[in-house]
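Novice: From first to last, the protein sequence lines stand for chains A and B.
Residue numbers for the first sequence follow this note's numbering, beginning at -5 and rising by one.
Residue numbers for the second sequence follow this note's numbering, beginning at 4 and rising by one.
Hints are computed from structural coordinates only; laboratory data are not their basis.
Among the hints, erroneous ones may be present.
[As the list claims (entries may be wrong)] Cut-off 25 Å, straight-line C-alpha distance, at most; resulting in silico cross-link-like pairs (PhoX-like, lysine-lysine):
(1) B/K67 with A/K221
(2) A/K135 with B/K338
(3) A/K221 with B/K111
(4) B/K303 with B/K67
(5) B/K303 with A/K63
(6) A/K135 with B/K111
(7) B/K447 with A/K63
(8) B/K239 with B/K447
(9) B/K383 with B/K373
[Said to hold, decoys possible] Negatives, chain B to chain A, calculated, CB over 10 Å:
(10) E59
(11) A85
(12) T114
(13) E153
(14) S295
(15) K322
(16) S378
(17) D390
Glycine included, every Cβ here is placed at the ideal spot set by N, Cα and C.
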Amino acid sequence: MEVVEDIKDKSPRHRGAKIIIYAVLVFGSFWMLLPFVWMILTSLKSLQEAISVPPVWFPSKPLWSNYQKALSVAPFGRYFLNTVIVSSVNTVLTIIVTILAAFSFARLKFVGKNLLFTLILASMMVPGEMLIIQNYVTVAKLGWIDSYAALIVPWIASPFYIFLLRQYFMQIPDQLYYAARVDGCRDFKYLWKVMVPNAKNTIVTIGILNFVASWNAFLWPLLVTNKERMRVLTIGLTEFTNEAGSDVHLQMAAATFIILPMIIVYIILRPYIIEGVSRSGIKG
Amino acid sequence: MKKMMLIILSLFLLGSTVFASGQQEEPKKEDAKSKEPAKAEVVSINKEISSPVTVEFWHGMSAKLGETVELLADEFNQTIGAEKGITVVPVFQGGYTDLKQKLTASIKAGTAPVISQGYSNYIAEFMQADVVVALNDYIYDSEVGIKDFEDIFPGYRAENCQIDGKTFYSLPFNKSTEVIFYNKTFFEENGYEVPKTWDEMSALCKTIYEKTGKPGMGYDSLDNYMITMIQQFGGKYTDAQGNIYYSQNDAAVKAINLFKENFDKGYWRIAGEDKYLSGPFGNADVYMYIGSTAGASYVKPNGFEWDSAPIPYVSADKKAAIQQGTNVFLMNQNKSDEEVYAGYEFIKYLVSKDANFIWSTNTGYLPIRKSVVESPEYKKFLATTTDTTKISGPAQGDYYFYEPGFFTPNYSSYDVRVSLRAAVEDALLNGTDAKTAVDTAYGKLK
Chain A
-5 MEVVEDIKDK SPRHRGAKII IYAVLVFGSF WMLLPFVWMI LTSLKSLQEA ISVPPVWFPS
55 KPLWSNYQKA LSVAPFGRYF LNTVIVSSVN TVLTIIVTIL AAFSFARLKF VGKNLLFTLI
115 LASMMVPGEM LIIQNYVTVA KLGWIDSYAA LIVPWIASPF YIFLLRQYFM QIPDQLYYAA
175 RVDGCRDFKY LWKVMVPNAK NTIVTIGILN FVASWNAFLW PLLVTNKERM RVLTIGLTEF
235 TNEAGSDVHL QMAAATFIIL PMIIVYIILR PYIIEGVSRS GIKG
Chain B
4 MKKMMLIILS LFLLGSTVFA SGQQEEPKKE DAKSKEPAKA EVVSINKEIS SPVTVEFWHG
64 MSAKLGETVE LLADEFNQTI GAEKGITVVP VFQGGYTDLK QKLTASIKAG TAPVISQGYS
124 NYIAEFMQAD VVVALNDYIY DSEVGIKDFE DIFPGYRAEN CQIDGKTFYS LPFNKSTEVI
184 FYNKTFFEEN GYEVPKTWDE MSALCKTIYE KTGKPGMGYD SLDNYMITMI QQFGGKYTDA
244 QGNIYYSQND AAVKAINLFK ENFDKGYWRI AGEDKYLSGP FGNADVYMYI GSTAGASYVK
304 PNGFEWDSAP IPYVSADKKA AIQQGTNVFL MNQNKSDEEV YAGYEFIKYL VSKDANFIWS
364 TNTGYLPIRK SVVESPEYKK FLATTTDTTK ISGPAQGDYY FYEPGFFTPN YSSYDVRVSL
424 RAAVEDALLN GTDAKTAVDT AYGKLK
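Produce the complete structure using the sequences and hints provided.
Specialist: Below, the structure is given as structure tokens:
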């Protein structure tokens, strides 16, 4: 970004550089868009067109009825509602837990702080697949199968987000903290009035990453639900595939429908995402 | 400029969402845990339901298939179920891999359902947890047994009692086999006959290639090709105890060489990234392919008619066609005898002539009973459908063989199947000598 802004003078050499930069960006965005456009185009094709080789770009006649067909395969309305509830509540709780934990590890002094933080970091090394069965056993013993609690609670503490936010909190100078304390500001107030507003972008980034992860989660929601009324959108997508083949055109129609809210979230929160992502140094 | 970056980054994030939601889980290698196989539990069977029971049936049948499962459950609940006080609730658990994972987790947590669908290697694995119910006491009971059990095709019965040849741990449910799908229009225009032997197949594919420059035949599942051809060349593949024989005879090598000869010359082809040849077949990029009868609804011919026929054989006395698909089994983890009995009544219904007729005429799966195939209703149904695999599939009923399903500390039957695919791919794509490819694949399992 800086490189582009630095190019202030209009000399041909710089103009050339600008053209190259734009060309790269256009090329990059084309590739990024491709799967998305392909998804929408496929969602309007017949199965024949969708699986033909060489691929057909445009449907001979757009089949809007694919959407109707796809959505009638499973109770997508209910799945949609569940997904919205689970992703939103999960994200709010995750943010609260992350802020409190990150603040403790960044600012407070208590016995075993480093050990605890090391343990949290160490848990990042354990692949999620290894924990999933044990987590399922725990949730089943709690009697939480087919409940929102099972879908939400196990995911509200994330070591990665805690680590991310702690690193950001640690950059805020100590002096600010001591000055606030001298002025009679308590820890909690300091956290809400100073730390959180400062870390707004990082927190929004965490929220978005978490929302997307929650929206796309598949295996866990499948494990902890048996009743149709508790299931989420991603489970609906498996309805289009079986051992002998898949109805890709319908699957893409359902996928388009499922992704739509994500697009809206991105459009609304775009400025925060980019700043948050570029500042915290994580990409993608 | 900033805006541009913003848009691009947003798109990037979006792109990753698209991929993430469209992803299918790859079948994972079964985790290997060693335990002695559980002994068949001796159940003194209960045949009474004192108060109404509800049991779950976990399955991996999506869309139309799932609807048919619901239909069968409703039918059962309204008739036998209503009479005996049994309600069956079908629960869709995603694809087979998802279903398997969920079963594994639920068995650990002690919440396994009474009835589930599953491949025989899943059942072998769950038997180690001592939760699978032996069915003989039910099947052969004088009151509640299955009277016309012998009517079920022998290949299906053999699969479901493969451990010792007599104890049944499951019953056949959604069954398919492999047949040749061929371009009927093209065959008629050129006066070709559908090949009966592999020699005829190679010769015809040569003719087709010389005429059109396109491969004559493709095979969807190279694993199935290998397992079938080992059988047809008179070799032995594996057994239910997990012994592997394919490296001890030359059948696997012959099978690979047959494919390789035809593949190298362009007469035969394999499936692309999409795993299935129904696409290229529909576009007339290949004129025949061998694939699952369950895939017939994905054949969408672009301006021609298709038909199907039994797969070729090496010699008429060693015909063999794989029967595949899953079975249904019962589990008794934290369940009462009454619940297990309720489960039995439902799977007994599923394999009954009535239910199997509904199942095999509403889905792409095949009848498991001779009486269904021979019934006037089925013949009437055949007149209404374009899916000729409903004829060519059961035509192979007398020489169906099954792939043993097992689970050992080092490998499962699934791993063995994958090893053979690796061997044939190694020979076809890297030009490795067939014998070396087989030995390498076998060596990796040990």
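Novice: Run every hint past the structure and note whether it holds.
Specialist: Comparing the hints with the structure gives:
1. Proposed proximity of B/K67 and A/K221 is supported: the alpha carbons are some 19 Å apart, at most 25 Å.
2. Taking the CA atoms of A/K135 and B/K338, the gap is about 16 Å. The hint holds against a cut of 25 Å.
3. Of the supplied pair hints, the one linking A/K221 and B/K111 holds, its CA atoms being roughly 20 Å apart against a limit of 25 Å.
4. Taking the CA atoms of B/K303 and B/K67, the gap is near 18 Å; set against the 25 Å cutoff, the hint holds.
5. For a cut-off of 25 Å, the pair hint linking B/K303 to A/K63 stands: about 18 Å separates their Cα positions.
6. Among the hinted pairs, A/K135 with B/K111 is consistent with the structure: their alpha-carbon atoms are about 11 Å apart, no more than 25 Å.
7. Restraint check for B/K447 and A/K63: not satisfied, since their Cα atoms lie roughly 46 Å apart, outside the 25 Å limit.
8. Restraint check: the Cα-Cα separation between B/K239 and B/K447 comes to about 19 Å, which is no more than 25 Å; the hinted pair holds.
9. Straight-line distance between C-alpha atoms of B/K383 and B/K373 comes to about 16 Å, which keeps the hinted pair within the 25 Å bound.
10. Not every C-beta of chain A lies more than 10 Å from that of B/E59, the closest at about 7 Å, which undercuts listing it as non-interface.
11. Every C-beta of chain A lies more than 10 Å from that of B/A85, the closest at about 23 Å, which supports listing it as non-interface.
12. Once the 10 Å rule is applied to beta carbons, B/T114 is inconsistent with being away from chain A; the minimum gap is 5 Å.
13. The claim that B/E153 is not at the interface with chain A holds, since no C-beta of that chain comes within 10 Å of its own (minimum 28 Å).
14. With 10 Å as the threshold on Cβ separation, the claim that B/S295 sits away from chain A is violated: the shortest Cβ distance comes to roughly 5 Å.
15. With a cut of 10 Å on Cβ distances, B/K322 stays outside the contact zone with chain A, its closest approach being about 23 Å.
16. Separation of B/S378 from chain A is adequate, the least Cβ-Cβ distance of about 25 Å exceeding the 10 Å criterion.
17. Here B/D390 stays apart from chain A, with its beta-carbon at least about 12 Å from theirs, past the 10 Å limit.
Against the hints set out earlier in the document, violations occur for numbers 7, 10, 12 and 14.
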